[in-house]
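Chains as they are written, first to last, in the numbering used here: chain R, 1 to 174; chain V, 1001 to 1174; chain Z, 2001 to 2174; chain U, 3001 to 3174; chain E, 4001 to 4174; chain Y, 5001 to 5174.
These are calculated hints, taken from the structure and not from any lab test.
Beta carbons: idealized from backbone N, C-alpha and C, even for Gly.
Incorrect hints may appear among the rest.
[Said to hold, decoys possible] Here are the simulated lysine-lysine pairs, DSS-like style, with alpha carbons at most 25 Å apart:
# : chain 1 : residue 1 : chain 2 : residue 2
1 : U       : Lys3134   : U       : Lys3144
2 : R       : Lys110    : U       : Lys3089
3 : V       : Lys1094   : E       : Lys4110
4 : E       : Lys4021   : Y       : Lys5064
[Said to hold, decoys possible] Listed next, the stretches of chain E that the computed footprint assigns to chain Z, with coverage defined by at least 3 CB atoms under 8 Å from CB atoms of chain Z:
# : segment
5 : 4031-4042
6 : 4161-4167
Spelled out from the first residue to the last, the chains are:
There are 6 protein chains.
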Amino acid sequence: MRGLFIGRFQPFHLGHLYALKWMLKRADEIIIGIGSAQISYTIRNPFTLGERIEMIWRVLRYEKLYDRCIIIGLPDTDEIHTTWVAYIKTFSPKFDIVFTNDPLSIMLLKRENISVSNIPFFNRKNFSATNIRKKMLENDAWRKYLHPEVTKYLDEINAPQRLRMICNLEGKNK
Amino acid sequence: MRGLFIGRFQPFHLGHLYALKWMLKRADEIIIGIGSAQISYTIRNPFTLGERIEMIWRVLRYEKLYDRCIIIGLPDTDEIHTTWVAYIKTFSPKFDIVFTNDPLSIMLLKRENISVSNIPFFNRKNFSATNIRKKMLENDAWRKYLHPEVTKYLDEINAPQRLRMICNLEGKNK
Amino acid sequence: MRGLFIGRFQPFHLGHLYALKWMLKRADEIIIGIGSAQISYTIRNPFTLGERIEMIWRVLRYEKLYDRCIIIGLPDTDEIHTTWVAYIKTFSPKFDIVFTNDPLSIMLLKRENISVSNIPFFNRKNFSATNIRKKMLENDAWRKYLHPEVTKYLDEINAPQRLRMICNLEGKNK
Amino acid sequence: MRGLFIGRFQPFHLGHLYALKWMLKRADEIIIGIGSAQISYTIRNPFTLGERIEMIWRVLRYEKLYDRCIIIGLPDTDEIHTTWVAYIKTFSPKFDIVFTNDPLSIMLLKRENISVSNIPFFNRKNFSATNIRKKMLENDAWRKYLHPEVTKYLDEINAPQRLRMICNLEGKNK
Amino acid sequence: MRGLFIGRFQPFHLGHLYALKWMLKRADEIIIGIGSAQISYTIRNPFTLGERIEMIWRVLRYEKLYDRCIIIGLPDTDEIHTTWVAYIKTFSPKFDIVFTNDPLSIMLLKRENISVSNIPFFNRKNFSATNIRKKMLENDAWRKYLHPEVTKYLDEINAPQRLRMICNLEGKNK
Amino acid sequence: MRGLFIGRFQPFHLGHLYALKWMLKRADEIIIGIGSAQISYTIRNPFTLGERIEMIWRVLRYEKLYDRCIIIGLPDTDEIHTTWVAYIKTFSPKFDIVFTNDPLSIMLLKRENISVSNIPFFNRKNFSATNIRKKMLENDAWRKYLHPEVTKYLDEINAPQRLRMICNLEGKNK
């Protein structure tokens, strides 16, 4: 049995890892589907697809989960939401169930008779990507919510500085 | 050191696997970049990205190469070839060298000061995707050029029948 | 004489039908042009083009207006508003006048020397698609603003539930 | 029961009308889906979507078939053939069966468990759009293959001259 | 030495001209790159690319700067910001330095090892396109911030009326 | 009076310059519209928009024609040829007449009541871009058909080698 775990992973944090491990108890293999694959350098989506694959890959490698996990990119489909399920089937290897908490995704997947399951939250208030990006921006403690491999990588690419520049820009254009 | 191995893998055959193993002797990790990711159901590109990931993943799993290989999709960039290198950098984790035999890719990559190396051929006359697709179409012996995991998968999705239908269609529209 | 009646029809309501009948007194045939044809599953555009054609078709059939009405879809043209009039001419049969209340459309059509007329409102405060979607969302009385054929169809596709799910989603992403 | 009749209708000829009447004996309503809706001014696709709707509409009006036929446009979906069925479901009202002779369409529709039926040919050698366009180009007798309403319309828009200009152009660019 | 001066020039005002002359003291030639080239008829981007080229061209002609200035259009690259530098290199003649105050552009250009310099402001509070558009909308004195050639042109195309219509529209759709 | 001179200029040769000078006798100003602006690195379109602007600019500068010539880029509009005239009007400053020999362009422009004039050929057999590209590929004498400024630039970017690489590639993919 194979599951598809959909998220944007901006960035991939310990809540995601916790959920992944929970899924690996219920499925033989998990496809990690990185949504909004084509977007980067915005406040909600600061990291490129390549950077998000890098983060997740380093964690899989460290945790020795690579034998049961496949990472893929899932680009958005503009305004034609109704073709999104067909896109996923085209860009992903076969799966038996989808793990997601997004209400629109759930509605669209069910319409096509695909099994859907919610993702369990692990202390959602803190372990949320929105919260982590906010803390990064404000120079507040953010490293504790991430796997050491991700922290190290985000420091390598100077993530907090990038977020501040993007934020500065988007504020100005408002 | 990490290399990027670019191909269309329509389908992934034993020549590709031979080349991959050759690269793994020269680099710590190999990113397998599946080109023309958005195309499928044409004679030159019969398989979807998801199907190509599936083929490669099954081989990696069987050969226990998953700890050093990352599979990614690389969509084409229409007619604006000059942005292709920027696309690759966006959609791929970091790499130090690119393995490809495509002259346009080599020219574009060198223009951006990226290291490039040729892919060694392993009996190219037979182990070429074009040759294998031709044999599939003509019901000639094609299974011997593929890893057993790929053969099994192509039978599961009834690949030869798909090729004949597409061929029939494209001939008609010519 | 043929008129083009442009709207988004999210959903098609009795105010639209009233306007259509008013136009049919002034023109031999009316083309009903469904704008933002490519968008669906958003708060302002919950229904697909196919669903909007279905609503309008059922009303035309019930009211026996099919001999003088042609339904067409009109996709948006991204940010290049200045090509929009050329799009309309490409996607629509010939017309002599356009009925619309949209100021940008009026400006662009007049720039190309096309006759434009306003659409008369029929109790606009209540008979507006925005108002009807709001009432659907809040489970307030919405059926009275719609033709019985549309009401029946919207119940078939469970429209109020869809609106609440989309609303829930967009609220979350804000 | 409702059927979807897919064609490009470049132009709509008597073979299409014969097929339409055959379908109307088997279904309550027929949706006439105009494929490659976005293409025009090429040798294989000389007429715009609006012009093709105009041809078909005039025939439906003359033949009083408007109470059971719905005309829609179906744009192509680039190279991502696998999303095409989802597109059709989005852009078309509901249907129970699809009438088409295109092998790729048949394969893609069956993959999604949609009923498909072939379109019966009526003297295919002569009543084919390719043959009619060829005769138009060569100033050979072409009017006898078309409904008088279509003939009249094609003369209005000076169709043979357009074909010759396009042919001239494409030949030059080869 | 050649510089690339990037702006949206909605409209081109005296602050821009001041900056251009400042750059022409530091470089042999200046490429004037008109950003967001594909957008028009919005509040932030009311003028088409053609109209912006017209404004700038008239000023260059009047000021006899045409022997050292090249005007080009630079379309946006959707959400894939990371390919923007490659776009610029494709659509622009060669340059040695970029003049811009946009933080995201600066970050992306520096990532590709391109020299960047800030544009000096000339009384930024008044000489800003946002301020000028606001005054046009409110019928406040706006002509004094523009070159007489631009003022004359904006009156020719009835710019203040266009702004009010667009503003009216966008307010309504909010 | 202002004319629009449309060509692809792959590359800009002495026949083009001859035609430009002929037009400058008939019009006050000439807009040089570079068609297929988005394409490059193909056999028919080897040079980027930026490179083509560079060639033309150097000739204008050398010939001191910059006070009466405006260079612009004109991207293609996919398959929707019917919006092409609207595109041109959006991306170009105002013009009174178009100079082109392309039959489709002539047909589309006349449909919109725009004045069109043919471009006089100057020894067309030799002074054609197709012929020049062919000679470059075959290492035959090509420099004599080009302005010395263009020849120098094409040598700078190593144009003949690029053509051979592209040709090699396209041959292989056939």
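List, from low to high, the hint numbers that the structure doesn't satisfy.
The structure conflicts with no hint, since it agrees with every one listed earlier.
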